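Below, each chain spelled out in residue letters.
2 protein chains.
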Amino acid sequence: MPAGGIGGARFLRGLKATLGIGAGAQENKATITVVGNTGDDITLFGLRICPDLDTVMYTLGGGINESQGWGRSGETFTVKEELAAYGMQPTWFGLGDRDAATHIVRAQMMAAGYTLSEVTEALCDRWKPGVRLLPMTDDRVETHVLVEEGQDRRALHFQEWWIRHRAALPASEIVLVGAEDSAPAPGVLEAVAEADIVLLPPSNPVVSVGSILSVPGIREALNSATVVGVSPIIGGTAVRGMADACLAAIGVESSAQAVAGHYGPELLDGWLVDEVDAGARVKGVEIRSRPLYMSDPESTAAIARAALDLALELKEHRA
Amino acid sequence: MPAGGIGGARFLRGLKATLGIGAGAQENKATITVVGNTGDDITLFGLRICPDLDTVMYTLGGGINESQGWGRSGETFTVKEELAAYGMQPTWFGLGDRDAATHIVRAQMMAAGYTLSEVTEALCDRWKPGVRLLPMTDDRVETHVLVEEGQDRRALHFQEWWIRHRAALPASEIVLVGAEDSAPAPGVLEAVAEADIVLLPPSNPVVSVGSILSVPGIREALNSATVVGVSPIIGGTAVRGMADACLAAIGVESSAQAVAGHYGPELLDGWLVDEVDAGARVKGVEIRSRPLYMSDPESTAAIARAALDLALELKEHRA
Chain F
16 MPAGGIGGAR FLRGLKATLG IGAGAQENKA TITVVGNTGD DITLFGLRIC
66 PDLDTVMYTL GGGINESQGW GRSGETFTVK EELAAYGMQP TWFGLGDRDA
116 ATHIVRAQMM AAGYTLSEVT EALCDRWKPG VRLLPMTDDR VETHVLVEEG
166 QDRRALHFQE WWIRHRAALP ASEIVLVGAE DSAPAPGVLE AVAEADIVLL
216 PPSNPVVSVG SILSVPGIRE ALNSATVVGV SPIIGGTAVR GMADACLAAI
266 GVESSAQAVA GHYGPELLDG WLVDEVDAGA RVKGVEIRSR PLYMSDPEST
316 AAIARAALDL ALELKEHRA
Chain G
16 MPAGGIGGAR FLRGLKATLG IGAGAQENKA TITVVGNTGD DITLFGLRIC
66 PDLDTVMYTL GGGINESQGW GRSGETFTVK EELAAYGMQP TWFGLGDRDA
116 ATHIVRAQMM AAGYTLSEVT EALCDRWKPG VRLLPMTDDR VETHVLVEEG
166 QDRRALHFQE WWIRHRAALP ASEIVLVGAE DSAPAPGVLE AVAEADIVLL
216 PPSNPVVSVG SILSVPGIRE ALNSATVVGV SPIIGGTAVR GMADACLAAI
266 GVESSAQAVA GHYGPELLDG WLVDEVDAGA RVKGVEIRSR PLYMSDPEST
316 AAIARAALDL ALELKEHRA
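If you read the sequences in order, they're chains F and G. Add 15 to the 1-based position in the first sequence for the working numbering, that's all there is to it. Add 15 to the 1-based position in the second sequence for the working numbering, that's all there is to it.
Because the hints were derived from the structure by calculation, they are not lab data. Note that this is a predicted model, so its numbers are computed, not measured. We put the CB at the ideal spot given by N, CA and C, even for glycine. Don't take every hint at face value.
[Stated by the list, open to error] Away from chain G, derived, C-beta distances all over 10 angstroms, residues of chain F:
1. D112
2. D140
3. R179
4. E235
[To be verified] Simulated coverage check for chain F against chain G, where a stretch passes if three residues somewhere in it have a Cβ under 8 angstroms from a Cβ of chain G:
5. 82 to 94
6. 98 to 111
7. 244 to 254
All chains should be modelled from the sequences, with the hints used to inform the complete structure.
Here it is, written out as structure tokens:
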């Protein structure tokens, strides 16, 4: 399953619950491989930060700040405050002390020559997320946002646009720099080829799922798989985050139907929308509606189950 | 004034007090240049750590943990605990969260091409220690300790020997690796040449003052200056730290007299010892005795004043 940040991580937790993964001694054969977006990754203060991988790892490993959806529970911000006291830029990134240790370990391992895949596996040794977490690529790719202010046109790192400017600067383009020259990380294409089904969680269609699809080879591999997605848009609004601003940048309407159309029938076999979007239609995509708010673990597990069931049904149908 | 860690920093605070530096609007012409030992410096977790420079900077800048003598006041250890949770080695270094920010800034600036002198000046912009703090060298030198265990002979970084092993592994040799190829940092020789007097604080004679003297050119410059030292040994024991173990490694007895003899009359003009060591004699060195325990700011300022007065007297005498 390709996954972005908070929405992806919460959906994954629901999926694990509905599959009984991590529920003590219960035996089950189902396994989940997660392909995480790395386009948001950034190096700050010499630390290598992978927000989406970490959000998945912390959420599934029990270390997440639940109310916030990202970062560590019980987090403190001493290092950040001290860096600011030295006048160190940037000050807009919410670097937590606990989180910083993750980035230190990652930066050190990468400096020693380990790939991001290897680092991610090492970090997961601690967190035991109950899924196999793979970065979409071990190559360095970076989502940049082109912003126009009058005559001035400049590219910001996605994190600067997203966090510092709260996605409020109108974006004319969103580019995954380095994408053409990147390759899927080891195991990604194999996981897709071996997967019974592939689910797209309600992650950002542009900068999360979209980035993953931009890595050469991944979209092609998914075209041969049974893919069911869950709409991140309910009634014309992003459920969380600021996906609307990203969709606007690529000229896609903020609607469940438009996002399915953007993914297209080559990629998508099925698409789960909220009841308010029950009228959505995309030729070649099986659309089902049900409540889509992931308001608690139970409702999230039920959404994951519905996506799973639709995928299994469509796979059966195709066979 | 060449300075090592805790003893040097506390002595400096006394010296500032007795000179009235940093005492509000009071005008004074006296300035202090501190040449700090960098042989203890170490890179851990990608952070560049300069214990002696930081101890001076924090102590004089009001950020020191007073009871401990090193590290920041109000320190927390979240990053250290998290690194340990990942199994990151080493675990013996007491990396505080506040302190870590200093090392991040330093590592980042050095990676960007700034010299340690420039970094130190930038860090002091925040701490305003009231002295000019110079590293002894901008070159990379590192104190290694040769330890013999049976047939096994190995070199440890000074910090590993000092902190991890509490200087308890018998050292057969202490070497400042890189010393021959190092040069004094900009301003060091000039400061010595221009100084009215030079004081050696009660720092470790081997790994603090000794390291500074190992940088080619510094000892020679000091030979032409009026130099007064304060004994770090009282009644045969190091006042603080584990200087005895260092002296043993270089074959020098732990006594006020032996340390003065080790520095020698070429370097030392005067030597301040404690009353219990009043019998100390070294040919060519003017030895005075007085209470030398730096038990509080007042007694420390009085010791600094005594060193200062002795130096001014000897300088007068030489003229």
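Hint check results:
no. : hint       : result
1   : D112       : violated (4 angstroms)
2   : D140       : violated (8 angstroms)
3   : R179       : holds (19 angstroms)
4   : E235       : holds (36 angstroms)
5   : 82 to 94   : holds (count 3)
6   : 98 to 111  : holds (count 5)
7   : 244 to 254 : violated (count 0)
The structure fails to meet hints 1, 2 and 7 from the earlier list, while all remaining hints are met.
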